[in-house]
Every structure is written in structure tokens, then in C-alpha cells.
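Undergrad: In case you want the letters, here they are:
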Amino acid sequence: MKKVIMGNHALSYGAMLSRTQVIAAYPITPQTQVVELLSEMCADGTLNAKFIKVESEHSAMAACLGASLAGARTFTATSSQGLALMHELLHWASGGRMPVVMGNINRAMAPGWSIWTDQNDSLSQRDTGWIQFYCASNQEVLDTVIQAFKVSEKLMIPSMIVLDAFALSHTYEVVEVPDQEKVDAFLPPFNPPFRLTPDDPHAFGGLTSPEHYFELRYKLQKGMEKVPALVEETGKEYQKMFGRYLGQVEEYLCDDAEFIFVTSGTAGYTARVVVDEFREKGIKAGNLRIKLFRPFPFEKVRSILSKVPKVAVVDRNISYGHHGIFYQEVKSAMYGQPPQPVIFGFITGLGGRDITRDTFKEIADYALSKSQAEEEIVWTGVKK
Amino acid sequence: MKKERKMTLTIPQEELISTGHLACQGCGAALAMRLALKGLGQRTAVCIPACCWSVIDGPFPHSSLGIPIYHCAFETAASSASGVKAGLEMVGDSETTVLAWAGDGGTFDIGLQALSGAAERNEDIIYTCYDNEAYMNTGIQRSSATPLGAWTTTTPVKHYKKHPKKDIIGIMAAHRPPYVATASVAYPEDLVKKFKKAKEIKGTRFIHVLAPCPVGWKSRPEDTIKLARLAVQTGYFPLYEVEDGEKWMLNLKIKERKPIAEYLKLQGRFRHLKDDEIAMLQKEVDAQWERLLKKCGV
Numbered sequence: 447m448k449k450v451i452m453g454n455h456a457l458s459y460g461a462m463l464s465r466t467q468v469i470a471a472y473p474i475t476p477q478t479q480v481v482e483l484l485s486e487m488c489a490d491g492t493l494n495a496k497f498i499k500v501e502s503e504h505s506a507m508a509a510c511l512g513a514s515l516a517g518a519r520t521f522t523a524t525s526s527q528g529l530a531l532m533h534e535l536l537h538w539a540s541g542g543r544m545p546v547v548m549g550n551i552n553r554a555m556a557p558g559w560s561i562w563t564d565q566n567d568s569l570s571q572r573d574t575g576w577i578q579f580y581c582a583s584n585q586e587v588l589d590t591v592i593q594a595f596k597v598s599e600k601l602m603i604p605s606m607i608v609l610d611a612f613a614l615s616h617t618y619e620v621v622e623v624p625d626q627e628k629v630d631a632f633l634p635p636f637n638p639p640f641r642l643t644p645d646d647p648h649a650f651g652g653l654t655s656p657e658h659y660f661e662l663r664y665k666l667q668k669g670m671e672k673v674p675a676l677v678e679e680t681g682k683e684y685q686k687m688f689g690r691y692l693g694q695v696e697e698y699l700c701d702d703a704e705f706i707f708v709t710s711g712t713a714g715y716t717a718r719v720v721v722d723e724f725r726e727k728g729i730k731a732g733n734l735r736i737k738l739f740r741p742f743p744f745e746k747v748r749s750i751l752s753k754v755p756k757v758a759v760v761d762r763n764i765s766y767g768h769h770g771i772f773y774q775e776v777k778s779a780m781y782g783q784p785p786q787p788v789i790f791g792f793i794t795g796l797g798g799r800d801i802t803r804d805t806f807k808e809i810a811d812y813a814l815s816k817s818q819a820e821e822e823i824v825w826t827g828v829k830k
Numbered sequence: 004m005k006k007e008r009k010m011t012l013t014i015p016q017e018e019l020i021s022t023g024h025l026a027c028q029g030c031g032a033a034l035a036m037r038l039a040l041k042g043l044g045q046r047t048a049v050c051i052p053a054c055c056w057s058v059i060d061g062p063f064p065h066s067s068l069g070i071p072i073y074h075c076a077f078e079t080a081a082s083s084a085s086g087v088k089a090g091l092e093m094v095g096d097s098e099t100t101v102l103a104w105a106g107d108g109g110t111f112d113i114g115l116q117a118l119s120g121a122a123e124r125n126e127d128i129i130y131t132c133y134d135n136e137a138y139m140n141t142g143i144q145r146s147s148a149t150p151l152g153a154w155t156t157t158t159p160v161k162h163y164k165k166h167p168k169k170d171i172i173g174i175m176a177a178h179r180p181p182y183v184a185t186a187s188v189a190y191p192e193d194l195v196k197k198f199k200k201a202k203e204i205k206g207t208r209f210i211h212v213l214a215p216c217p218v219g220w221k222s223r224p225e226d227t228i229k230l231a232r233l234a235v236q237t238g239y240f241p242l243y244e245v246e247d248g249e250k251w252m253l254n255l256k257i258k259e260r261k262p263i264a265e266y267l268k269l270q271g272r273f274r275h276l277k278d279d280e281i282a283m284l285q286k287e288v289d290a291q292w293e294r295l296l297k298k299c300g301v
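So the sequences go chain by chain: A and B. Numbering of the first sequence is given in our numbering, commencing with residue 447 and proceeding in unit increments. Numbering of the second sequence is given in our numbering, commencing with residue 4 and proceeding in unit increments.
Hints are not guaranteed to be accurate.
[Unchecked claim] Below 30 Å or equal to it, Euclidean Cα-Cα: the simulated DSSO-like pairs (lysine-lysine) are: (1) B:Lys261 - B:Lys286; (2) A:Lys499 - B:Lys250; (3) B:Lys169 - B:Lys199; (4) B:Lys200 - A:Lys499.
Derived by calculation from the structure, the hints in this document are not laboratory data.
So here's chain A without its partners, still in its complex pose:
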């Protein structure tokens, strides 16, 4: 069934179709509609789930983890400060192998207070052991929720689905909402290999000496390494049933490109428009939108970028004292892998400043006119 829904509701529908059993959440702009719709669904019986209306994001994640350990499929959503408050428990989720799926609406971190988008909230959680998907359309959001449950529960690693504030969270688009029976056929009920039950009592997460801890973390990384192939496989299975492919990255005219934007989130769609305009002018541009950020799709990125002379990585985030974070990641993927493109790192759009066609044109002008970057970070659209 086709529905016109906002990005936030695409998360809610995804959680509903995945037959989420326990939801625990706390409101924060611009995430609120996600949980408002879910609480309505729980109240009217559309979704058979328990909704725990907790008093903080910290408790939201804590309750999700307890429910997950008890064997229930769990979902939550947050943004920015809320995600930061959860930080401790993000480690808990991955370290305890609790496959919670969470929506995060990218919102800039305070101070000063901002409700507008940038990626520093979710990228600050890069090293917490969560799978991270960055979405660019409402359809992709809904499809990714369902896929994320499948991937997460297979590997017992939690997933975060990331949307730009307002640009996606509050934008209405036509979305194909799949039939419940088909989703049920794609996504079986959660059946974890271990759970908290008096029938088979175990202690979870107890004091772990140097004799054991190292191996638990090694196993988490080994699980993470399986994600890219599983995302491909799950994406293909999803495509067979629903006609839409997900995957790790979205390539747009990358095959013969001489210049590629590397983007994420909704900026990736703006980039495609600019790519079209360049193509009309005879410039072979392309766009590589990274959807799976953690684990980083090394092989995909290498195979695409190694054929291009110039790459412009566009970051709506910053690692203070270093570079844009996608720029760091792309460089690390390409290091020691000849042939190497010239890679430029651009930072733009922090705190919700618009990333427009002109922004991308400015970025392209810089990259195409120079043999290499003259600055560590090329700031675009900032009032210096």
C-alpha cells in the first residue's frame, strides 16, 4: 500500500511491520513523531507491544536492553542530546550482544541549542559497536528498519538507523508500505541463542577478568566483519520480495566518473542533481552515497574510488582537531591501496545550514581546479 508519510513515521511503520515487542522511548525534537505514532499503534492494538514511557533516554535504552535480554524484539528512537545521554548503554548493547534497533534523527549537539541537522551526534557514537545506516529517503528508512532487525538479530549486534533532522524526519514522501504477511515471511520472530530466564539461569555481564574480556571483544569485531556481506545478502533477499535493493552504498553514475562526491544522508540526493547538471556540461561526475557507515564498507568504497582521479568527501560533521569523519574513513579505506585518487575533505552544513546545489558546485569547483587540497579541511559555506 502506498502512503504519504513523514520520515519519522517511516521509522514507526518499520518498527510496526517488524512486530517490535517492546518499545521504550523518551521524547526529543525532532524525533517525537516516531514514538507518538508508535504509542498510538500500541494503544489501539495495531501493534502488540509494550511501550515503556520512561523518564530519560538513558532509561529508554536500559529498558530496551532488559527486554532484549528477556528475548523480546525491541525498538527505540532518539536524537542528539538523547543519544549522547544513552552513550554508556550503547556500549552495553553491543558488548552484551543485545540486538536493539534504534532510529536516530541527526541533530546538532548543544551548546548553543540547535534542533537542526548535522551528524556529530551519531558519529560521536562511531566506536560503540553499533551498526549504523544513514538514510536519504523515507522509503529507505522503512525498508532499512526491517532489514536492520534481520541483520542485527542474526549477528546479535544492535543497529542505528540515521535520518537528517527535518530534511528527512519531517519531509513527507510517498512510501510503499509492505504487507504484513510478506514482512513476516522475510523477518522471522526473534529467537536469541541465550536469554534471561529462570528455566536456564545464567549471569549476564558479570565481572569479566583479563582472562576472558579480550575474547568477548574479539568476537564482537568478528561479528561486525560479517555485516557487509550480510547486508548485501539481506538486501538481495529483500529485493526479491519487495523489489527494492538496500545494500551498503548507493552509486550514482560512478562507473565512468572522473570526479566523485562522497556523501551521506539527504545531501546525497542533492549531490545527484548536481551530478546530472555536470554531466549535461560534459563533466563526468558521480556520487557515492555511503549508507552503511559502521562497519565501514571498505571493499565497496575501494572498488569504486580506486578507478577515479578525484574524490570530494562532503562531511556534515567534524572530529575537532582532525578532519571530517567520512573523510577520515574514506582515506583510511584507500590507504595503501593503489591506484589512489586525490581525496579532498570538505566540511559544510553544520547545525542545519542548508547544503544546496551551489554548495556542491563550490565543492566541485575547488576540487576540479586544484591538483590537491591546499587546506587540511576545506570549509564550505562558513562565514570566516
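Guided by the hints, dock chain B onto chain A, whose structure is given.
TA: Leaving out everything else, chain B in the frame of chain A:
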């Protein structure tokens, strides 16, 4: 002819804690768990945040309890337990009692927000605070459960604790949950009875157990029961229940309360107190006792 008296066993014989746990000698917290589980039985799942009990249980892959344990984050005993209860119900287990088992730091301080939230939502959990009156697991630092006058490593003798203990029962009763109670390891029948009673009630139940800590209180391990008993007999830690936040009931009426000095003198943490300071503590206890009697309508 002498009348024959028959003794009835009021405390279940079943043991859900095994030997080999890592508690210190004379640990009130270990005893509290042993007795609580006698009241609750095996169909219990427990959430234990950072506290002495996250060590007492034993290191991975061992456990000294016969029930499932979720070692959760410090401030999450109540929120984790809320999640466990919801999760169990969704997978078809509505029978298991979900217990949150936290120390005073995890209850009075860092976990208070989550506890207040759970109580307001009337989550179907039993929350127990075993109170040893300081951060004992990290080496005896003061918490908001540390009593007035006590020494800890962060309230050294020259700057002993100047503020009275937080009134956790008052705070919890103000949420009007169905059941709030105090219990003591020196009164095992009463303690077990309270856990049994709590098990049969739905909603948030809060049980506050005073758990003497020889290491932190600088007392002799063999005095643990004596101290727990004196805490009750002096009126420092009375045994009472509050139903629905309104019905206050004193469980043990004490005709003549013992002087607080008797309780204090067995503990090195109060050794520095001079007579006038002990008199001040006595006044505190007297006032607290009077307030309680009033609430209980005695």
C-alpha cells in the same frame, strides 16, 4: 504436666545462593540476598547494577545464585528491571518475579531518577535496596545514605558527614506505590515474610534492607547481626511498612528504645564522635522515631 511446644519453620529451607560467593566476612548484603530469595523462590530474575553484589555473585563465567542475573549499568536497576518485566511478558512469561537489587549508591544517588520513573509508572517489579550506607565496593566513599556523623574516606574524621541520611522511604512512599517496607537481616522471619508478601502484590514494591558492612563500618564481622538488631532497637532503622503510600504500619513496637550510643560504639566509623555529637545524633533519632510513630498512628 509441661505443655509441649512445637517449633514451626517459618523460613523456607531452599537455598538459592551457593557457597563460594565473594562476600566479605559478616557481609549483611550476602545474608540479605540469601533471605530475600527464600521469600521469592527460584522463579525470579534479578537485575544487579554496579554494587558489592556485582562482585559477590562471582566473576564470569561463574555465578553463586540459582536464578538468572542481569548485571546492568549502575543507574539502571529500575529501568533494566522494567524492561526485563516487559520483555518476559511479551515472550509469554508473566509468572517470573522481576527483582532489582541495588546498593545505596545505586538507589539513593545515581539510580534515583530511574527508580522514581519506575515507581511513577508502577512497574511490576520488586526493587530492593540493600543499604550499607556508603560506596563500599569502591572503598567506603560517602553516599546520600551515609548517616550523620559517620566517617568515610570522603568524609574524613575532621569533616565527618554533616548531613542526615536521605529519607528514601519518604521519597518512595510519596510515589504511592502499593508496597514499601524496611527489613533487617537481624529479623529474618520478618524479612522473608515481607518478600513473600511483596511477591503476591502487583506493581512497584520497594524494600529497604539495612546491610551492615564490617569493612566500611569498621565493625567486627561477628557483630553484624547485633548491629542490625541494635539499629532496630534504638529506633535508628525501625521495621515498618507503607501500603499505597498512605497506610503506615510499625511492625515492631519498641517499648524502650536503646540509646543510639550502644549502636555507635561498636562501629569505628563513629569513633571520633564526642559526647555532645552523640547527643545530637540521639536527638535526630528521637525526632525521626516520633515522626514515624505519628505516621503510623501509634
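Undergrad: Does Lys499 (chain A) lie within 30 Å of Lys200 (chain B) when you go C-alpha to C-alpha?
TA: holds (28 Å)
Undergrad: Given the hint that Lys499 (chain A) pairs with Lys250 (chain B), test it: the Cα-Cα distance must not exceed 30 Å.
TA: holds (28 Å)
Undergrad: Is Lys261 (chain B) close enough to Lys286 (chain B), meaning Cα to Cα at most 30 Å?
TA: Holds. Lys261 (chain B) to Lys286 (chain B) sits at ~13 Å (cutoff 30 Å).
Undergrad: Lys169 (chain B) and Lys199 (chain B) were given as a pair; does the straight-line alpha-carbon distance stay at or below 30 Å?
TA: holds (27 Å)
Hint compliance for this structure: no hint is broken.
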